[in-house]
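Got chain E sorted already, so can you dock chains H and W onto it with the hints?
Which chain is which? The protein sequence lines are E, H and W, in order.
At position 218 of the first sequence (counting the first as 1) the number is 218 in the numbering used here, and the numbers step up by one without a gap.
Basically the numbering used here = 1-based index in the second sequence + 275.
Basically the numbering used here = 1-based index in the third sequence + 503.
What the hints contain is simulated information worked out from the structure, not anything from laboratory work.
Quick caveat, the model's predicted, so the values are computed rather than measured.
Be aware that a few hints might be false.
Listed next, the in silico DSS-like pairs over lysine-lysine satisfying Cα-Cα at most 30 Å (straight line) [what the hints assert, rightly or not]: (1) E:Lys-116 <-> W:Lys-662; (2) E:Lys-264 <-> H:Lys-340; (3) W:Lys-1023 <-> E:Lys-122; (4) E:Lys-219 <-> H:Lys-340; (5) W:Lys-519 <-> E:Lys-122; (6) E:Lys-116 <-> W:Lys-841; (7) H:Lys-364 <-> E:Lys-219; (8) E:Lys-116 <-> W:Lys-1023; (9) E:Lys-162 <-> W:Lys-1023.
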Amino acid sequence: MDTDHTPQAAGTVTPPTADALPAAAPRIDCRDINVFYGPTQAIHNVSLSFPDRAVTALIGPSGCGKSTFLRCLNRMNDTIESCRVDGQILMDGQNINDHSIDAVLLRSRVGMVFQKPNPFPKSIFDNIAYGPRIHGLASSREDLDAIVEKSLRRAGLWEEVKDRLQAPGTSLSGGQQQRLCIARAIAVRPEVILMDEPCSALDPVATARIEELIDELRKRYCIVIVTHSMQQAARVSQRTAFFHLGNLIEMGETEQIFTNPREKRTEDYITGRFG
Amino acid sequence: MSDHIVSAYSDELDKLSSDIMRMGGIVETMITDSCRALSSNDGVLAKEVIARDPQVDVIEAEIEKQIVSLIARRQPMGHDLRMILSALKISNELERIGDLSKNVAKRALRLDDYVSVEMRNAILRMSRPVARQLNEVLDAYATGNAALARNVWSSDDDIDQHYNAVFREMLTYLIEDPRRISAGAHMLFVAKNLERIGDHCTNVAEFVYYQAVGDYLSTMERPKLDQV
Amino acid sequence: MTDPAPSTFSSPEAIKRLKRRRAADVRFRYYGMGAIVLALGALVMLALSIGSQAVSAATYHVARYDVTLDRAVIAPPGEDTPEEISRNVDGFWSLVRNNLLETFPEADLDRASRTEASEFITRLAVLPAARKVAAEPQLIGNEMTVSAPLNDDLDLYLKGQAFPERRVRVGSLSSASQQEAGLARLEGQGAFTPILSAITSLEADGADLSEGSVLLTAGSSTGRLSDLQPDAASLELLTGTLDDFRSGNATARIIALPEAQRVVSDQQIAWTLALKEMGRISREPRWSLLTNSDSTYPELAGGLAALVGSLFTMLVTALVAIPIGILAAVYLEEFAPKNRLTDFIEVNINNLAAVPSIVFGLLGAAVYLNFLGMPRSAPLVGGLVLALMTFPVVIIASRAALKAVPPSVRSGALAIGASQMQTVFHHVVPLAAPGIFTGAILGMARALGETAPLLLIGMVAFVGDVPKGPTDESTVMPVLIFTWSNNAERAWEPMTSAMIVILLAVLLLMNGLVVFLRRKYERRW
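Chain E on its own, in the form it takes in the complex:
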C-alpha cells in the first residue's frame, strides 16, 4: 500500500500551511505494526511514517484502530495488560517498541493530549511544572518559571492565565484546560505530540482555538492527531491516513485525500456513503 506520498509537483497550488512540508526523513517510521487485544487483532500490518514539522491526521470510523495505533507511538498500550504490539516503530533509528527502551523516557519525548481535558487537580503552575520537575529539566526556580511561561505562551494560554497561575487547573474552561494539557505536554520538550481526539469535548470556538494552536505547533513538532471529525482532519492536517477495520486504507496529502481519494473506501467514507 502506498504510504509515503511525496509532495505534489510544482505548479499545483498548495495552501500556505502546507508548503513547509519537508522532504526530510520521517520523524517516526512504523513498519508492519500488528496490535492484539488478547486473541483479537486490532491493527493489521500497518506501515506508516510521520514527517517532522507537520500534522498527520488519522481518520476512520469508530473502532477502526486509529486510537490504538496512536497509543502505540508512546507505548501507552503497555498499561493495558492484554495488549500486545508487534512490529517496528523507528524513531531516530531506534525501535521504540523494543522493551529495552524505557517507556517512561519515551513518553517524555512523545507527548500526548487526550480526548477529555485532564489537568491535574493542582494549580496551573504545578500542572505545567510537574513534568519538568520529575524529569529534572529545571535547575532552579527561575528556570522552572521560564519553562512554565514558555510552555504557556506556546500553548497560547499565557495571556489568559498569567495573573492566576496559582488557581487550580480545573477552574479553567474546557478549551483552556485542553490548552493547559497541551502546554503540559510541551513543557517536557517532546519531539512528537500525539493528540487523541483533542477537541471532541469542546465547543466550536474552543475547537478553532486548539486548531489554530495545532497549526502553530506544527512549526516545531511532529504532530499526530486522531479525530473522528473528517472536517477537522481536513482543517488541521497536511497528511491524512484513513483506517478501516484495523487496516490502513490510504495515506496521502490531506488535500488529495479529501478532494481526490484513490481508494473507493476512502471516497465512500469522506463522502458519507459508508455502507
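The following block gives chains H and W in isolation, referenced to the frame of chain E:
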C-alpha cells in the same frame, strides 16, 4: 475579514482575494493595451497583450484549485462561503474578459491600411468607459463596497449607448468607402467585444454585491434600453 | 388497527396506566418516608433513654466539712513526709468524720449511729484533700474546708431517684412539748390532716404503709412521726431541736418502703436534710467523670483511665492499620497484576472484614499473649488486635477511593513520562485521600466502640491508675461501660449512661472529622 481564530484560514482567504485582484489588474491592462494597440496600430503591444492571456488562464486555474481546497478543508460558512463562490464566478468572468481583450488585440493585428483614424478613435473612445467600468468593479471588490458595485451594475446602459453610437458611426464609414468593409467588420466585432466586456463587468458587479450583501442584484429592476 | 393511530396520550388505557404508575410513585415515596421516620424514631428513643439517664449522672452532690488540720492526726511524727500525708486517708477521714459527729452530737452516742454517720463519706473521697495538704504543708494547723462527694445512695436520694417519697406540707403547730423516752408531742388544729389524707390516697393506690416512715422536717431538724391524729402526733427527734418545729413551717415526707429494705436510713435522711439546710451540700457538675479513674465507689469513679487507654489503643491501631491498609490497597489496586492469586487475596480481604470481632480477640490472645508473650491488658496488644480487625476495612475503603479516581488522571501523568509510582503517589493517592481517610476514620470509629476482642486479652481488668504508656495495664471506654453496667449498685446505672454519652461524643467527633476532611479536601475533577 482577516480575523478567524485559525489564522491560516484567513491567510488562505486573503490569498484568494489578492489573486482575484491580481487577475483583475492584468485583465484591466489587457483591455486598455489592446485598444491602445488598435488605435495606434501598435503590433508589438498587441502581441504583448495576446501573450498575457495564458497568464490569466493560469491564475484562474490556481484560483479554482484554491477554492476546491478551501471548500474541502475549511468548510466555509456565511460571508466566507459567499466570498469563495463569488471568487469562483468572478475569476470565470475575468477570464472571459481576458479572452475578449485578446480577441481585440488579434483583430488589431489583422487591420489593413484602409482603416481611418476616425474609426480607430471611435473604438478608443468606447474603450475608456469599459476600462473604467472594470476598474470600478474591481475597486468595489477590493473594498467590498456594495454601493459602488450597484453603481457599476446600473451604469451598463452607458456602454450600451456607446456601442450603439459606435455601431452607427461604423456603418456611416462603411457606406462612405466599401474598401473599409474588411476593417469595418473587425471594428464592429471589437465594439461588440467591448460591449460584452461591459456585460461581464456587470456580472462581476452582481457577484461583488452578492458577496457583500448576500442578495442578488440580477432580480432587481434595471433601467435598460434594449434597442439592438 | 384501521384508524390512523389514536393519540396514545388520551386513550383510556393510557390514562389508566398513567394513574397506576403515578400511584406506585406516590406509594414508594411514602414507604421511603416511613422508613426514615422509623429510623429517626429509633435514634430519638436511644438518645432520650441514654440522655435522660446520663443527665442525672452529670451532676452530683458534694458536702463540705470545715475541719482543723490537726498535725497529730494527719501528720503524726514519723509519718509527716508529703508522700505519707498524701496517703494518710485514715487521718483525713477521721477529721471529716469527727466534724460530722460534732455537727450531729446525737450520732456520737452509740456505735450504730457512728457507723451510720461514717457512711456519709467514702474514705477515699478525702484523697484530693490529702494531696492538696501534702502539696501545701503550711496549711497544717489551719482551718480548711474539705469538699467530698456525698455517698452515692444519699446522692441518689437527694436527686429523688432512690425510692418514691411523698412530700406534704403540714399545718401550723400550736405546741411542741418534750415527753418521756425521747418522744415529743406536737399539736396543732388540723395540722396533720394533709398527712393523713396523703396516706389514705397512697393506700388507695395500693401502697403498703404499715412499715413505712413519716418524717417531719422543719429547718435543720427532722423527726420521725408516729401516733398520727388530725390534731396531734408523736415525734421521735432524729436531729436538731424541737424549737424548729415551734417556729417554722414543717414538711412531712411519707416513705412507703420499710427502713430495713432501704440503703438510706431515716437517721441518714435526717442528717442529709440538715446538712443541706445548713448550706453544706451543693449540687455540682460531675467533672470527676472525666478527671477520675475507675473506682469501686460510684461517686468517685470516672473514665479518665479508660479514655487514655482508648487513646493509646487507637494510637496503636492507627499506626498499624492505616499505613498497612493504605499501602496494601495501593499495591492491590495500582500495581498488582490481575490474576487468580490477587483475586483470591481480594476475596479473603473481604471475608476478613466480615469475621466476627471476638474471633480477632481469640487470635490476639493466642498469638500476642501466649505465643509472643506480650503484656496482658495492655493497649499495645489491644491496639494490635483492633488493627487486625480494622485493616480490611481500611483496605476496602481505600480501594474504593482509588477506583473512583478517573483513569484520565493516570494516563495524563503517564503520558508526560511519570513512572507508575510517581503517577500513583503524586496524583492518584492525593485525589483518593479524602476517601481513604474517611474509610480509615470510620474503621477507627468502629474499633473504638469494640468490646468483645478486648475482653479476651484481659483489658477488662479493674484499672485504677491512668496508664502512662501503651504497655501499661489499661482498659478502654466500651469495656468500662460493659464493666459498670454489670455493677449492682443503683448509682452505676446513670454513670454507665454518662459514659456511653462520652463515648458517643468521641465517635461523633471522629465522624465530624470525616465530614470536615471530606469538605476540605474533596476535589472535583
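Numbered hints the structure breaks, given as an ascending list: Hint check: 1, 5, 7 fail, others pass.
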